[in-house]
Amino acid sequence: LFGLLATVTFPLSSINHTHPTTTTTKLNMSSEGRSIDKIVPAITGNGKIVRLVGTLDCDGAGTSHPLLPEVDPFILCDFGNIAQNGMPPFGAHPHRGHSVVTVLLQGRIQSWDSFRTRDESHTVAAPASYWVDAGAGLFHDEKAVIDDESNSLQHAQLLQLWVGVTEADRAKPAKVQYDQDLPSFECLDASTDKMVGKGIYHVGGTAKIETPHPVTVIHITQQPGSTYKVPIDPKHGGFAVVLKGKAKFGGNDKATSADEYDVIVLAPSNNTADHLQVTTPDDVSCDYVVCTGKQLHQSWAKKLSANGAIIAATPEEARALAPQVEAMSKAGKAGGSFAPFGME
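With our numbering applied, the sequence shown corresponds to residues 791 to 1134, in that order.
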């Protein structure tokens, strides 16, 4: 959805959540937490979308942002605050060769994909996840559903992540999944065991989304003056991003401060660091998301095409596919078929 936008920032309003399944869990973790490789600021400006992770395509098109191979398997992450009904106006656009997950934090979105008829769509309400395995390709569209644009609590606030896949995954048919019954949990302070926040699994844990490779996406709201150890797989790579407030990430001796929209890149693990320690200042809370997954170490190239994106193993393959996708897009938008991306 957002991978081709010029990306900018905005003030974030408070996010309200309901939690359909809440648990309190005391986790036995190692004393050694995951260390931080570096902090990368977002691309900022005065609009509605923030580029957190991502880079130009193989021909230099798109939004310039530092390439972060350390966050493998993730290849893009945008944060959006959509305040107008029916926005953004992309229309049907293609994805090929990667997985796309929309992490809906607030509001509602309506989605359509090329497995559906033209007048058939699906609407989800936050908190929710919308996962697309693009595989060999599909066209889809997403837009905010807002009844009262003057009510900021109805604005759609979301993260969109692109997740890398293997070359074998790129040959598979596309698949779409939704989950609105997300598991949540209470966060217990590392020292006092008191409840200091709440978390929700959008992907991973006991969430219903089935991913082609292990991926976890956790949204946490943590109270001021607390320390929480976010559970992570010590073999996985990834990052955290601050949506609101500030905190220190990493162990006490090497903790790194991060502010709003900072991307906290996890350092390579020694396979024993089973958590990420997060400590908030005495007077500031922190709203953040932790994204981790199995590192695939697969080569990939991105080519922007028809208002969407093609991911392939090489730039040459991506460029070769682009004219085919452009032709499918023109035919579909003219009232014909989007085949072979979806239904005949």
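Because the hints were derived from the structure by calculation, they are not lab data. Some hints could be false.
Claimed, not checked - Derived DSSO-like pairs (lysine-lysine); straight-line CA-CA distance at most 30 Å:
id, residue 1, residue 2
1, Lys-1123, Lys-984
2, Lys-988, Lys-1034
3, Lys-1044, Lys-1025
4, Lys-828, Lys-1025
5, Lys-828, Lys-1084
6, Lys-1036, Lys-1025
7, Lys-1034, Lys-1044
8, Lys-965, Lys-998
9, Lys-1019, Lys-965
10, Lys-988, Lys-998
11, Lys-1084, Lys-1120
12, Lys-828, Lys-965
13, Lys-962, Lys-1034
14, Lys-965, Lys-1036
15, Lys-988, Lys-1123
16, Lys-1084, Lys-1038
17, Lys-984, Lys-1019
18, Lys-828, Lys-1123
19, Lys-1019, Lys-998
20, Lys-998, Lys-1044
This one's a predicted model, so the numbers in the text were calculated from it and none came from an experiment.
Each hint, compared with the structure:
Taken as a hint, the Lys-1123 and Lys-984 pair is broken in the structure, with Cα atoms around 55 Å apart against an allowance of 30 Å. At roughly 15 Å between alpha-carbon atoms, Lys-988 and Lys-1034 fall within 30 Å of each other, so this suggested pair holds. Note on Lys-1044 and Lys-1025: the hinted pairing holds, with a Cα-Cα distance of about 20 Å set against a maximum of 30 Å. Restraint check: the Cα-Cα separation between Lys-828 and Lys-1025 comes to about 18 Å, which is no more than 30 Å; the hinted pair holds.
Proximity of Lys-828 to Lys-1084 is assessed by CA-CA distance (about 20 Å); at most 30 Å being required, the pair is judged to hold. At roughly 26 Å between alpha-carbon atoms, Lys-1036 and Lys-1025 fall within 30 Å of each other, so this suggested pair holds. For the given pair, Lys-1034 sits about 22 Å from Lys-1044 by alpha-carbon distance, which is consistent with the 30 Å threshold. With a C-alpha separation of about 14 Å, the suggested pair Lys-965 and Lys-998 falls inside the 30 Å cut-off, and the hint holds.
With a CA separation close to 34 Å, the supplied pair Lys-1019 and Lys-965 exceeds the 30 Å bound. Of the pairs offered as hints, the one joining Lys-988 and Lys-998 holds, with about 19 Å between alpha carbons and a cut-off of 30 Å not exceeded. For the given pair, Lys-1084 sits about 37 Å from Lys-1120 by alpha-carbon distance, which is inconsistent with the 30 Å threshold. Restraint check for Lys-828 and Lys-965: not satisfied, since their Cα atoms lie roughly 34 Å apart, outside the 30 Å limit.
Under the criterion of a C-alpha separation no larger than 30 Å, the hint pairing Lys-962 with Lys-1034 is inconsistent with the structure, at around 38 Å. Between Lys-965 and Lys-1036 the alpha-carbon distance is near 37 Å, which puts this suggested pair outside the 30 Å criterion. Between Lys-988 and Lys-1123 the CA atoms are separated by roughly 44 Å; this puts the pair beyond 30 Å, and the hint is violated. Distance restraint check for Lys-1084 and Lys-1038: the Cα-Cα separation of roughly 25 Å lies within the 30 Å cut-off, and the hinted pair is therefore satisfied.
For the hint linking Lys-984 to Lys-1019, the alpha-carbon distance of about 13 Å falls within 30 Å, and the restraint holds. Simply put, Lys-828 and Lys-1123 have alpha-carbon atoms about 43 Å apart, too far for the 30 Å limit, and the pair is violated. A C-alpha spacing of about 24 Å is found between Lys-1019 and Lys-998, which places the hinted pair at or below 30 Å, so the restraint holds. Distance hint between Lys-998 and Lys-1044 is unfulfilled; the C-alpha atoms sit about 35 Å from each other, more than 30 Å.
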